[in-house]
Amino acid sequence: MIAAIPTASVRGRRVALAIGAAILLLVTIAAGVCIGETPIPPGVVFATISNKFFGTEFPVAPIQAGIVWNYRLTRVIVAACCGASLAVCGAVLQALLRNALADPYLLGISSGASAGAVSVLVLGVGSGLLSLSVGAFAGALLAFGLVTLLARAAGGGVGLQATGLIILSGIAGSQLFNALTSFIIARSANAEQARGVMFWLMGNMSGVRWPDVGLAVPVAAVGVLICIWHMRALDAFTFGADSAASLGVPVQRVQAVLIGATSMMTAAMVSMVGAIGFVGLVIPHAARFIVGVRHARLLPASALTGAIFLVAADVVSRIVIPNQVLPIGVITALVGAPGFAVILLRARRMR
Amino acid sequence: MILTTRNLGYTVRGNSIVRDISMEIIEGETFGLVGPNGSGKSTFLRLVQGILAPSTGASFLQGESVASMPRRRIAQMIAFVEQHSESADRLTVRDVVELGRNPWLSALQPWSRDEDRIVGQALADVEMRAMETRLWHTLSGGEKQRVQLARALAQQPRLLLLDEPTNHLDVHHQLSILGLIKGLPLTAVVALHDLNHALMCDRVGVMHRGQMVAVGPPEETLTPDLLHTVFGVRVNMLHDHVSGRPVMSFTL
Ligand SMILES: Nc1ncnc2c1ncn2[C@@H]1O[C@H](COP(=O)(O)OP(=O)(O)OP(=O)(O)O)[C@@H](O)[C@H]1O
Ligand SMILES: [Mg+2]
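So the sequences go chain by chain: A and B.
Going by the working numbering, the first sequence opens with residue 1, and the numbers climb by one from there.
Going by the working numbering, the second sequence opens with residue 1, and the numbers climb by one from there.
The set of hints was computed from the structure by calculation and includes no laboratory data.
Even glycine gets a Cβ: it sits at the ideal position worked out from N, Cα and C.
Check before you lean on any hint, since a few could be wrong.
[Said to hold, decoys possible] Example chain A residues on the side facing chain B (calculated, C-beta under 7 Å, incomplete): (1) 236; (2) 239; (3) 247.
[Stated by the list, open to error] Here are a few chain B residues that sit away from chain A, every Cβ distance over 12 Å (derived from the structure): (4) 46; (5) 75; (6) 82; (7) 91; (8) 96; (9) 101; (10) 105; (11) 108; (12) 196; (13) 234; (14) 241; (15) 250.
Sequences are here, hints too, so could you generate the full structure?
What follows is the structure, given as C-alpha cells:
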C-alpha cells in the first residue's frame, strides 16, 4: 500500500531506499567490471581506475588494466546509461500516451535504426565512410520523422485524440521499416552478414569504447533531467490531456519536448548498442510497484532500476555460456519476462 | 466581470456546436448552466477556458484574452471538474487532490506544509478526508466526483467550472456540495440537469442547440414557456411552504 502522507518514518524509508538503490548500482557496476571471461579481482579494478582518474601509480598488469579500462568499464557505463535512458523513456511515454504498452521503440525508432544499420552493413550505403552507429542513428531519425509527420497529418495536432494516432502511426512506421530490414537481409545478405545483423538487432554491447561513453553519458544525463524537470506535468496527464491542460500544463509544448527528448535518447542508445527490448516496457512497471505512480519518485526509480537491470543482464550475457557472448536482448527478455510475471502475480494479491 | 465571452463559437466539420455566445459572469456569483443533452454545455465550459480553441470569438478572464494567457496562469485562476474523469493509474485519493497544487508549484519546487494543509482542507470540505488513502479505482461514482471537486478546490481558483458535479451524488451530498460551492468566496459556473438545483443559483443560462437562449435570475428566466420549447416538458411551479422556495414539477 502506498503511504499517502509522507510522515517522517515514510520519508526516512524512502531516503534509505534511494541510498540502497544507489549503492546497489555501484556494486553492480563494480561486479560488471570484475566478472567476465577473464575474472579480475576488485583490487585491480580500483587500482586501474584510480591510476587513470587520479594519477596514482598502483602496480597493475597492463593486460588487466587494458581489459578494465578499454573494454569492461566502457561497456558497463554504457549499459547503465542505456538502461536508465530506456526505462525513463518508457515511463514517460506510458504516462504521456496513456498507454501501459508504450515503450521507447513505439515511434519506429528501433525499426528505423535496424533498417539504417542494415543499409550500411549489407548494402554498403555510405561506401565505408559511415559507421554502423551513424547509419542506425540516421535510420532512427528518419523513421521518427515519418511517424510524427504521419501522426500530425492524420490528427492535425498533438491533442488527446492524437495520442491514439501517434501509436497507430508508430505501428505503421515500425512495420514498414521492419519489412525493409527483412527485405534487405533476404535479398542481399550472406549468412555471415545475416548473423551479424541479428546479433546487432538483439542488442550488442561488445563494440562499445570510450567515444560511446562520451555520447551515452551526456545524452542519458540531459535526457533524464529533462524528463525529471517535467515530473509534475507528467503526473497531471493521469486523467488525460484535457485535464492536464486544465491543471496548467501547456500540453502541446510538453508533449513535443518530451517526445523529442525520449526519441533522441532512444535513437542515441539504439545506434550504439542495438535495439535492446524489454527494459523500456517492463522496468517502469516494476518501478511503479515499488514506489507508486507519482513521477517525482517513479522517474529516478526507473532510471536506477533500469541501469542496474541492464548492467546485470550484460554480465549474465557474458558468462552464461562459456566462451560465448549472447545478445543482451535475449537475456533481458529471458530474465525479465518471468520476473515481470512474478510482479503481476504479487500485484494481484495486493489488490 | 471575472469572465466575458464575445461571439464565442465552435464548429466541427461544418456542425456548429456552440454558436455566437456573448455573456458575462459576475464576480462572486454561482451561475447555473442548463440545457438538454447535446445542447453544448460541456463544449462551452471547455471553450471559455481555452482547452478547446474557439472557431469564432474569444473569452476574457478579467479583461485579458484567455487565448494569449499561459496555461499555468489560467489554471491558477480557473479550476475545472469534468463530466467524466478516469485514470488507469494506481492513484490514491490524496494523490488526486494533490494534483490541484500543480499550477502553483514550479518544476522542482519541493512540497511544503502549506500544500499539505490546503489539500487536507479540500478533502475535509467534500467529506473525503477519511478515505484519503483509498485507491481511486476503488471509489464509487459519487466519491470520485467529490474527490475531483476537492482537487479543484485545492487549486484555489477564483473561478470554478463544474460540469454536472452532482449527477452521481446522493441527495445529502447534492445539497451539501451545492451549499459548499455557494458558500465559498469564489465564482462558480455549474452545468446542471436538475432544474430545482438551478433555482438555487444566483443566475442561470439556458442553452439550446448551441446557443445561450436566456440568461438571468432563475425564477424570471426558467419560465414555463421557455422550458417547454427547450426541454419539451410542461412545468408546474409549486411553492414549498417549509423552505419558502419555489419548486418545479414536470410532466411531458
Ligand atoms: N468533436 C466533436 N465532433 C462532433 N460532434 C461533437 C464533437 N464534440 C461535441 N459534439 C456534439 O456537440 C454537441 C454538444 O456536446 P456537449 O458535450 O457540449 O453537450 P452537453 O450540453 O454537455 O450535453 P450533456 O448534457 O449530455 O452533457 C453534442 O451533440 C455532441 O455530440
Ligand atoms: Mg456535458
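Hint-by-hint comparison with the structure:
1. For the restraint placing residue 236(A) at the interface with chain B, the shortest Cβ-Cβ distance is roughly 5 Å, inside the 7 Å limit, so the hint holds.
2. The interface hint given for residue 239(A) holds, since its Cβ lies 5 Å from the closest Cβ of chain B, which is under the 7 Å cut-off.
3. The interface hint given for residue 247(A) is met, as the beta carbon of that residue sits about 5 Å from the closest beta carbon of chain B, less than 7 Å.
4. The beta carbon of residue 46(B) sits about 7 Å from the closest Cβ of chain A, which is not more than 12 Å, so the claim that it is off the interface is violated.
5. Not every CB of chain A lies more than 12 Å from the CB of residue 75(B), the least distance being 3 Å, so the non-interface label is violated.
6. For residue 82(B), the requirement that its beta carbon stay farther than 12 Å from each beta carbon of chain A is not met, with the minimum near 7 Å.
7. Its beta-carbon lying about 6 Å from the closest one in chain A, residue 91(B) breaks the requirement of being farther than 12 Å from that chain.
8. For residue 96(B), the requirement that its beta carbon stay farther than 12 Å from each beta carbon of chain A is not met, with the minimum near 8 Å.
9. Annotated as non-interface, residue 101(B) brings its C-beta within 12 Å of a C-beta of chain A; the closest such distance is 9 Å.
10. Listed as outside the interface, residue 105(B) is inconsistent with that label: its C-beta sits roughly 6 Å from the nearest C-beta of chain A, within the 12 Å cut-off.
11. In this structure residue 108(B) is not separated from chain A by more than 12 Å, as the shortest Cβ-Cβ distance comes to only about 7 Å.
12. Every CB of chain A is more than 12 Å from the CB of residue 196(B) (nearest about 28 Å), matching its label as outside the interface.
13. Residue placement check: residue 234(B) keeps its beta carbon more than 12 Å from all beta carbons of chain A (closest about 37 Å).
14. Even its closest Cβ contact with chain A, about 42 Å, leaves residue 241(B) beyond 12 Å, as expected for a residue assigned away from the interface.
15. Taking the minimum C-beta to C-beta distance to chain A, about 33 Å, the non-interface status of residue 250(B) holds against the 12 Å cut.
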